[in-house]
Amino acid sequence: MVANFEGVSNFSTFLLDRSSGKLYLGAQNAIVAVDTSNLLKWQKITWDVPEERRNSCVAKGKTEADCNNYIRLLEFQGDGRIYTCGTYAFDPQCAFINISTFSLEMEDDTVKMETGKGKCPFEPSQHYTAVMAGGNLYTAATSNFLGTLFDISRATGIEQERIRTERSINWLSDPEFVSSAFIQENEEDNPTGEDDKIYFFFTEIAKEYDLYTKVKVPRVARVCKSDKGGMKTLQRRWTTFLKAQLVCEDRGTGERFNVLTDVFTKEHRPGDPSSTHFYGIFTSQWEREELSAVCVYSLEDINRVMNGPFKELKKNCENWINPEPVPTPRPGQCLNNALKEEGFESSLKLPDKVLTFMRDHPLMENSVNAAPLLVRRGITYTKLAVTLSMTPGDNQSAATVLHLGTDRGELHRVAVVGQNTTLLQELPLFSAHEPVNNIVLYKGEALVGSPLSLVRLPTEGCSLYPSCEVCARARGLGCVWRHKEGACELAVTQPAEGARPADSFRCESGEDRCSPAVTELRVVEGLRVLLPCVQVSPRPCFWQHPPHRHTRRHHSDLEVEVTEESLGMYVCMCEEIGQNQPPCRRAEYHLTLEGPSSGGSTALGGGRNFVAWYVLFFILGCLAGAFGFVCLMHRRHGNRGGACGVGGTGGQTSSISEKGRDLLPSSDTPQSPSSASLLSEAMPLTKQEKRNGTLNGHGGHTVGHNIYANVSGLKLQESAVNLAVELDGRERAGPDGEEEGLSDIGEGLGIEEELAKIHVLRSAPLAPCEESSI
1 MVANFEGVSN FSTFLLDRSS GKLYLGAQNA IVAVDTSNLL KWQKITWDVP
51 EERRNSCVAK GKTEADCNNY IRLLEFQGDG RIYTCGTYAF DPQCAFINIS
101 TFSLEMEDDT VKMETGKGKC PFEPSQHYTA VMAGGNLYTA ATSNFLGTLF
151 DISRATGIEQ ERIRTERSIN WLSDPEFVSS AFIQENEEDN PTGEDDKIYF
201 FFTEIAKEYD LYTKVKVPRV ARVCKSDKGG MKTLQRRWTT FLKAQLVCED
251 RGTGERFNVL TDVFTKEHRP GDPSSTHFYG IFTSQWEREE LSAVCVYSLE
301 DINRVMNGPF KELKKNCENW INPEPVPTPR PGQCLNNALK EEGFESSLKL
351 PDKVLTFMRD HPLMENSVNA APLLVRRGIT YTKLAVTLSM TPGDNQSAAT
401 VLHLGTDRGE LHRVAVVGQN TTLLQELPLF SAHEPVNNIV LYKGEALVGS
451 PLSLVRLPTE GCSLYPSCEV CARARGLGCV WRHKEGACEL AVTQPAEGAR
501 PADSFRCESG EDRCSPAVTE LRVVEGLRVL LPCVQVSPRP CFWQHPPHRH
551 TRRHHSDLEV EVTEESLGMY VCMCEEIGQN QPPCRRAEYH LTLEGPSSGG
601 STALGGGRNF VAWYVLFFIL GCLAGAFGFV CLMHRRHGNR GGACGVGGTG
651 GQTSSISEKG RDLLPSSDTP QSPSSASLLS EAMPLTKQEK RNGTLNGHGG
701 HTVGHNIYAN VSGLKLQESA VNLAVELDGR ERAGPDGEEE GLSDIGEGLG
751 IEEELAKIHV LRSAPLAPCE ESSI
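Letter 633 of the sequence shown, counting from 1, is numbered 633 in UniProt numbering, and no numbers are missing.
There's no promise every hint is true.
Straight-line Cα separation of at most 20 angstroms, SDA-like style, residue types lysine to any residue; simulated pairs [as the list claims (entries may be wrong)]: (1) Lys266 x Asn303; (2) Lys443 x Gly271; (3) Lys225 x Gly343; (4) Lys228 x Glu185; (5) Lys225 x Ile183; (6) Lys225 x Gly193; (7) Lys266 x Leu374; (8) Lys349 x Gln235; (9) Lys232 x Phe357; (10) Lys225 x Arg164; (11) Lys41 x Asn4; (12) Lys112 x Trp47; (13) Lys216 x Asn366; (14) Lys266 x Thr387; (15) Lys112 x Ser100; (16) Lys311 x Glu324; (17) Lys216 x Ser284; (18) Lys349 x Asn337; (19) Lys443 x Leu490; (20) Lys340 x Asp196; (21) Lys349 x Ala338; (22) Lys216 x Thr380; (23) Lys112 x Val32; (24) Lys266 x Tyr442; (25) Lys228 x Asp360; (26) Lys60 x Ser143; (27) Lys443 x Leu15; (28) Lys225 x Gly157; (29) Lys225 x Asn136; (30) Lys443 x Ser389; (31) Lys228 x Ser346; (32) Lys216 x Leu149; (33) Lys22 x Glu6; (34) Lys232 x Asp352; (35) Lys41 x Thr101; (36) Lys62 x Phe145; (37) Lys225 x Lys349; (38) Lys228 x Lys353.
Worth flagging that the hints you see were computed from the coordinates, not collected in a lab.
My request is simple: use the sequences and hints to build the entire structure.
And the structure:
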């Protein structure tokens, strides 16, 4: 079922009341409440911006579209109210919604509001996350109008206990906040009295790497619920803020996915917080094409890293300094029974040396590592939700289904069973310009949202897979295809791994299954053609194709950019389930150019004729150059007439050639590729008076007016440069009105003596730890 809400748009945040089945949606200037059992039944609250506030926002340089109230926060307060915050024309405000009446709390006929700075972003598109824990709101957001200050804070509650991160790039370095999770300890099984914790996930610029490029890294940060800040050091700041790097790396290729875009929190054993796992969507800042990967991290692994060694961020020139000894009690540790017995009932009683160490060492030495469950190229995933199920049979194993929303309005289902990952479905839900921005799972259904629409669809059961091919992909979930009924059903028993596939998965019969007919495709150059290949087994598919082709993968399909080199046969081969099964030929295409074949031959022949003419002219040019060189050598040795037949003007021409040749830089000091020739007008030369240094600042002492140019480190006297200008293909008239050659200028200046002064400038050595500015 698809629901469109007339007059409401820009849905950004969802909040589900599992007791009543109501779904609350934050939108532009409105909050909507929807009955999940019937999406056509919905209510709306309007919360817009007064005209004077809107005009003030526009006057500050913001667009009219951005100067609305975009609802970015909806959280249950725990007292029958919902706490909501909106951008409110770049002046964030918060209010309360009465759940029973579904209305905003009023005061003097206006909405009762409080400032939302630090609780809600200023801009509609800014990255942001928040979670309610124990009646207090914990947020990660920008805290100023320009969006240059970032805080992770306890934003509500007692004023004295509202604390935030230190304003230091070692704590937060230009972060993009993604998600947050409140992990509450099991009250019935907590013998050590461990404190509840809040985890934040974000991507930031790494400061631990000495690279010219800004390297992004995904992080997980942890704070403790009972943290109240320090007494003197770290006043009103977190004393338990620790962060670690998340590594999502393909161990086969070594490729890392370093940008985190979404996180879904899932308890693998319901009611057991220690079984919590975090599933993350990653991409890479280095890849030009679309790419998405999914990695999963356990709470146990994260806490192990948080209890490990600290990274030393201070450096002395080139070498890391010796790490400081870790004081006791351990910095960043949450309060527990043992600390309370030692007299540390509150973070306010922690010694300054512990807090100072905590302030200077927020980053952990080790990282939390994982290998991707899934890597998809040509796809951008935006949101993620996860369901778990047990496969039938004696050897039950956990099967994970990833529900992935894309930036093109699609929902993809991927099954993960052991080491096998299988794409089950790709369902188009919205138009291609509507990205999926929310997925909520409830009672075996998924509520999938875009900025304009809401869709409800089932998420569990083999009946989701309508064809034999799709049902075969869900074999790892215990699904089998019943040919008689024409339906996909849950199997009573699960075949052993590696067994020969049952007949129920032979969706096509005989040899035709792996012997498809060749599809002839007549194409034109410049087009992009998508060659589909149906993947019916969990095993991967690969393509056989011409060597010189421009392609990229879309799942098992192949996109080809048509050129003359990319023409030919394309064959898709898919591996089969079972031992010693040969690859199955699933699709075969033959790409040819449109039009008669002679046209292609003519084009190719024209290319050969062009090359022949090019070679011919090159040979003629070489012969002409050799003839000119012979003439030049004759004149240089005094043969002014001779074979070249120039007559009485030969002496002047010889002088020009010889002196012009001497002006060229020596082969011992070749020009930099980026520097221009002395004879080029593209680099203007400026006249300066300098007594110390050249343009690069490393030259020696000189006297008089010199002209400096950053050309291969050469320094010329002014007279020599004037001669270079004259050499630039121009002549000037002499006193008698006849053309005066450059030989006369050379005789007046003594060019050999001037050019003898040319020397190569060498850079001064760098001092230790000094960086070159070049």
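Consistency of the hints with the structure:
| no. | hint | in the structure |
| --- | --- | --- |
| 1 | Lys266 x Asn303 | 16 angstroms, holds |
| 2 | Lys443 x Gly271 | 17 angstroms, holds |
| 3 | Lys225 x Gly343 | 19 angstroms, holds |
| 4 | Lys228 x Glu185 | 19 angstroms, holds |
| 5 | Lys225 x Ile183 | 10 angstroms, holds |
| 6 | Lys225 x Gly193 | 13 angstroms, holds |
| 7 | Lys266 x Leu374 | 18 angstroms, holds |
| 8 | Lys349 x Gln235 | 12 angstroms, holds |
| 9 | Lys232 x Phe357 | 14 angstroms, holds |
| 10 | Lys225 x Arg164 | 12 angstroms, holds |
| 11 | Lys41 x Asn4 | 11 angstroms, holds |
| 12 | Lys112 x Trp47 | 11 angstroms, holds |
| 13 | Lys216 x Asn366 | 17 angstroms, holds |
| 14 | Lys266 x Thr387 | 8 angstroms, holds |
| 15 | Lys112 x Ser100 | 17 angstroms, holds |
| 16 | Lys311 x Glu324 | 10 angstroms, holds |
| 17 | Lys216 x Ser284 | 9 angstroms, holds |
| 18 | Lys349 x Asn337 | 15 angstroms, holds |
| 19 | Lys443 x Leu490 | 19 angstroms, holds |
| 20 | Lys340 x Asp196 | 15 angstroms, holds |
| 21 | Lys349 x Ala338 | 14 angstroms, holds |
| 22 | Lys216 x Thr380 | 18 angstroms, holds |
| 23 | Lys112 x Val32 | 19 angstroms, holds |
| 24 | Lys266 x Tyr442 | 14 angstroms, holds |
| 25 | Lys228 x Asp360 | 19 angstroms, holds |
| 26 | Lys60 x Ser143 | 17 angstroms, holds |
| 27 | Lys443 x Leu15 | 15 angstroms, holds |
| 28 | Lys225 x Gly157 | 12 angstroms, holds |
| 29 | Lys225 x Asn136 | 9 angstroms, holds |
| 30 | Lys443 x Ser389 | 14 angstroms, holds |
| 31 | Lys228 x Ser346 | 7 angstroms, holds |
| 32 | Lys216 x Leu149 | 18 angstroms, holds |
| 33 | Lys22 x Glu6 | 19 angstroms, holds |
| 34 | Lys232 x Asp352 | 7 angstroms, holds |
| 35 | Lys41 x Thr101 | 16 angstroms, holds |
| 36 | Lys62 x Phe145 | 11 angstroms, holds |
| 37 | Lys225 x Lys349 | 16 angstroms, holds |
| 38 | Lys228 x Lys353 | 17 angstroms, holds |
In the structure shown, no violation is registered for any of the earlier numbered hints.
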